[in-house]
Amino acid sequence: MSPTFVAIALVLSLMVVGFIGFRLGAKKGRQEAKAEAERLQQLNDVSNRLLRSHLSVDQLSEFVYEQARRSIPGDAFQLGLFVDDAYDIKLWMRDGSRLPGRRFPRGGRDGLVGWVRETGTPLLVHDFETETESLPAQPVSETENPPKSALFVPMIAENDTIGVIAVQGEAPNLFTEEHQRFLTALANQVAWFLRNAQLLERTQYRAEQLNLLIQVVGQVETIQFLPDLFQQLVKRIQEAFGYYCVSIVLYANNRLRTAASTDDKLADYDAEGGRGMIGWAASQGQTALANRVTDDPRYEHYIALPATNSEVSLPLIHEGQVLGVLDVQSEQRDAFGPEDVRLLEALASQVALAIQQARTYSVERRLRQRLEALMQVSQVVISVLEPDDLIDEVVELIADNFDYDRVRVFLRSGNRLVLTTGVGPTGVRWLIEGLAYNINDSIGLIAQVGRTGMPVLEGDVTESALYRVGPGLDDSRSELAVPIKLGGRVIGVLDIQSEAVSAFSQEDLTLMQSLADSVAVALRNATLYVNERRRRRLADTLRVIGGTLVSELDLDTVLLSILNGLSEVVDLDSAAVLLYNRNQTSLEVVATAGSRFDKAHGQRIDVSNLEVRAGESIEAALNRMYHEMFAFPPDDTWISVPLTANEGKLGYLIVEHDNPSYYNLDDTEIISAFAGQAAVGIQNARLYEDQQAEAWVTTALLRVAETVSHPVSIAEMLENIARLTSLLAGVRHCLILRWIEPSRQFAVGGHFGLSHVELARLQETPLSADSYPYLDLLTVADIPLGAGKGHQLSIPEPLDRLFGADAIMAIPLQARRTIVGLMIVDDNLSWRAGDPHLANILNGIAHHTATALETAVLQASASERERLEQELGVARRIQASFIPANPPQPPGWELCAAWRAARQVSGDFYAVSYTHL
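Add 9 to the 1-based position in the sequence shown for this note's numbering, that's all there is to it.
One or more hints might be untrue.
Straight-line alpha carbon distances no greater than 30 angstroms define the calculated DSS-like cross-link-like pairs of lysine-lysine that follow [stated by the list, open to error]: (1) K244 x K274; (2) K157 x K99; (3) K244 x K99.
Derived by calculation from the structure, the hints in this document are not laboratory data.
Taking the hints into account, I'd like the entire structure generated from these sequences.
This is how it looks when you write it as structure tokens:
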């Protein structure tokens, strides 16, 4: 190939390449021109839209992002504004996802963003790795995959850089100068609108702050209930500025406790001063600000508020005294700027003022309530005439008007201070258990006040050596006790306690002492009224009882009337009348009043075996046994008055109250008066009962006499007597035995209610007195003798089988001091030992039976004598028939005769002889 051809070919090739390049350049130019035209049109549209609309900062940020995304590639987008030295990111997008806004406190001065702000110049970074050393500042990245390229454009308004638009990419050389020019133009267009929107929002924000401050001032000027005011304030602050949590914490007993919070989980906040942001602000009296709580050592994490990133705690100070803390928490970092802090400090000062005003109002209100309480107590003094009702009214007034939840009144009874009424956690239990203190006790504030008559105020009872923990009051921490005095004498104690330390002041003591003095006067008036009414009631009751004694002769009715009348006049828990039996060996409970005596009627105290201790009187021993029998409380109060009549001491009237030292001298006099009435009623009733019993005995013995006088056989007569004995004497079994003297045996004469089998056996085999000591003793005894249970001798075996009873009683049947038989009954007289009338009936029946037996024997003897007389008459006549009418008369002889009765042969012996002259 020739050089010429080569040259021509080369020229042609260059021409072709040039032509192609020309064509391509022309096409690219047209494309760039078109893109430029589109960008210009886009910027024009942006200007028109910005001019037509009024967008907020957030809306403008969204608008800029949408415009930039259309023309500029990138993986991350930021639009941030400068606030002093801070860089506040308003919109942060990464990979199409929105990230939360964030504030960098030094971001406006540090790093590439700070350089752009200082210079007002855009910055295009093609590749961070290759351009690191040539960059004006070192980039700051918090991501694991830092960007490879970036574009930073300042937003300038009035020669002031107000913010930065930053676009970042994960690939190098992603952005061009065209991108920079477009983004710069977009930033210049939007900067003025952002500045205006920023100024508008700041103006609105300040207006809201001022409005909130005005509202708070208005609320403070209007006195409100503090808890309600606090709750309104925290809600208004949160609603106005969108804070995460707003709380007001106040000092209470040297601890910080939540007074109000927008989060219920902080309602139970309770901490010592010095802990956390709140504690630091309270202890130092200064504002504690932590825009990044994780970097502040004062911050204390709350589990209830996990999202907290910023916190400011402002002390509530009034006249140099820290009252509490206003605590505000935010979910955003760097949430509190200087203006926010200044506003919150202004709010805190207003809250402190509100607290002080409310406390001042509370003091004035409390003083007014106390004056009203004094007036109410004065009205109670005039209107209430019942001591118990009076004390109840006073306690309720104190509790209601002074917010005391532990108020008690003790009244003096002897040397004891007895709880009369009270309000508290165990008020009912106090009254049931009869709470009382001895005034001579060396320990106890109540006893000390009762003993000395001086009030006591203890701010912390745990530090008092005299304090005694009351039942159910283990958590009491302060106590106020004042005496209730009348004429210099302590008649009671007003006691008030609280769970809080130092709950009472000297002012409380003065007021409570005034109330106690008013109560003392009211008690005196009420007591005088009650005593007068009691005397009238006593007179009326005694008059009614006197009429009952005259008209009623039944002993049970009389005693019941007396005890009912006594219970109307004297306050008692139990009362009983105990009467001696006839031989004064035991006391029996014959009448009772009170629930303790459901099964007491008829119980006895064995006086014959009474244990009298050393230095103890018989009456004291009786009362001790009485208390042991019915299990009375060991420290109860009782009055025992003997029932005395003409015939001597009849028994005792015993009145008891479960409370110690309950009765006084007036009660003793009243009970003694009732005891006198009871003695008269008992004597009259007993006389009437004796008359009735005597009449019954007489009637019973007349019936027995009628039975004896009827002309029946001795066996039938004894059967009738045995039956009458069971009916008249109330025995179940009766056996009458006849005495056979020659054989010293007892044979069955009459019976009632006995076993027929054993009776038939006994009829076949009479009882030998020599075989049984019990029967042998009865042959010589002249009084009834018992055998079996409760007696020294045992029951003879035949009688034991016959009666089938634990004990029997045998009454000797004697006629002219000679035994003629026995009357044996079952021994149920042991429970009637004090009733002589039944014994009289048995003795009378026994006497009639003995007389009947003797009469039967005499009648049998008379019949035998008459028979013998008849036989002798017949014998005489027979003998006379053998005797000549005229005896012979020999001369010189005189006729003689001798005679002797021959009873054993039913005749006489005769001898006739002659005597020589």
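Do the hints match the structure? See the list:
no., hint, result
1, K244 x K274, "15 angstroms, holds"
2, K157 x K99, "23 angstroms, holds"
3, K244 x K99, "26 angstroms, holds"
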